[in-house]
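Undergrad: Letter by letter, the chains look like this.
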Amino acid sequence: AQKITQTQPGMFVQEKEAVTLDCTYDTSDQSYGLFWYKQPSSGEMIFLIYQGSYDEQNATEGRYSLNFQKARKSANLVISASQLGDSAMYFCAMSDPAGGTSYGKLTFGQGTILTVHP
Amino acid sequence: DSGVTQTPKHLITATGQRVTLRCSPRSGDLSVYWYQQSLDQGLQFLIQYYNGEERAKGNILERFSAQQFPDLHSELNLSSLELGDSALYFCASSAKIRVSYNEQFFGPGTRLTVL
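Taken in sequence, the protein lines are chains A and B.
With my numbering as the guide, the letters of the first sequence map in order to residues 1 to 118.
With my numbering as the guide, the letters of the second sequence map in order to residues 119 to 233.
What the hints contain is simulated information worked out from the structure, not anything from laboratory work.
Treat the numbers as computed from the prediction; the structure is a model and nothing was measured.
Take these hints with a grain of salt, some might be off.
To be verified - Label pairs and their computed distance ranges (CB to CB):
hint, chain 1, residue 1, chain 2, residue 2, range
1, A, ALA18, B, GLY170, 38 to 48 Å
2, A, GLN57, B, ASN195, 36 to 46 Å
3, A, HIS117, B, PHE187, 44 to 54 Å
4, A, SER28, B, LYS175, 41 to 51 Å
5, A, ALA1, B, ASP158, 14 to 24 Å
6, A, GLN57, B, ALA213, 17 to 27 Å
7, A, VAL78, B, GLY134, 45 to 55 Å
8, B, GLY146, A, LEU84, 48 to 58 Å
9, A, ASN67, B, GLN135, 25 to 35 Å
10, A, ALA18, B, GLY134, 42 to 52 Å
11, B, SER156, A, VAL78, 22 to 32 Å
12, B, ASP158, A, LEU84, 27 to 37 Å
13, B, GLY170, A, GLN8, 34 to 44 Å
As the list claims (entries may be wrong) - Not everything, but these chain B residues come out facing chain A in the computed CB check (under 10 Å):
hint, residue
14, SER149
15, LEU161
16, PHE182
17, ALA210
18, PHE224
Claimed, not checked - Heads up, incomplete: computed chain A residues facing chain B, CB under 7 Å, no partners named:
hint, residue
19, LYS105
20, PHE108
21, GLN110
Backbone N, C-alpha and C define an ideal beta-carbon position, used for all residues, glycine too.
The following block holds chain A by itself, in its conformation from the complex (with noise of 0.2 Å):
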């Protein structure tokens, strides 16, 4: 079973810093996604980013990276040069891959609730 654990349930940065907030997963198997989704008090769920399990690059979109360290099962995401609209909920998700027996489904940690400060 996949298992995802997310350390921080809160996590506060000033307004133009950087801040990192942690992952760490538990799987057996190979070939795996993980996955950053945003969630604002509005309550959709945004897709942030995604690192394959195989990708040997850590993924990036913008201002948004993926710390992807594989041996210590770790999937932090870093987000540079915050925002105040990055206050918002961060979820950490891993996936199955689609060929296995739940077929992508995604499981994911508990959440940090990321606060910004002017």
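Starting from the structure of chain A, add chain B where the hints point.
TA: Same frame as chain A, but now just chain B:
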């Protein structure tokens, strides 16, 4: 806007009742996933359909059922509702099944309140 639509946005009902949540995936997406988000359980996978067929089941109660229709929209039916069923229910869709991952686009959710 993810392209996934869910109706209704809010639903308030009483214990023991039955409700139906509707989801329309992004155009062309064959796969639909249902998730439940509650304060005590977090975000949990319920069930997945691919092109009309059930493919995977998660922590879905027997009182809950779902289906995907030929036009690919999906409905989640919740019956004999209990207070603990109050949650935000998400539908997500994805284009195709890949080997390594399956990017999913989420709808805005249906917030269910059981009184």
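Undergrad: Could you check the structure against the hints above and give me the numbers of any it violates, in ascending order?
TA: Going through the list in order, the structure violates hints 4, 8, 9, 16 and respects the others.
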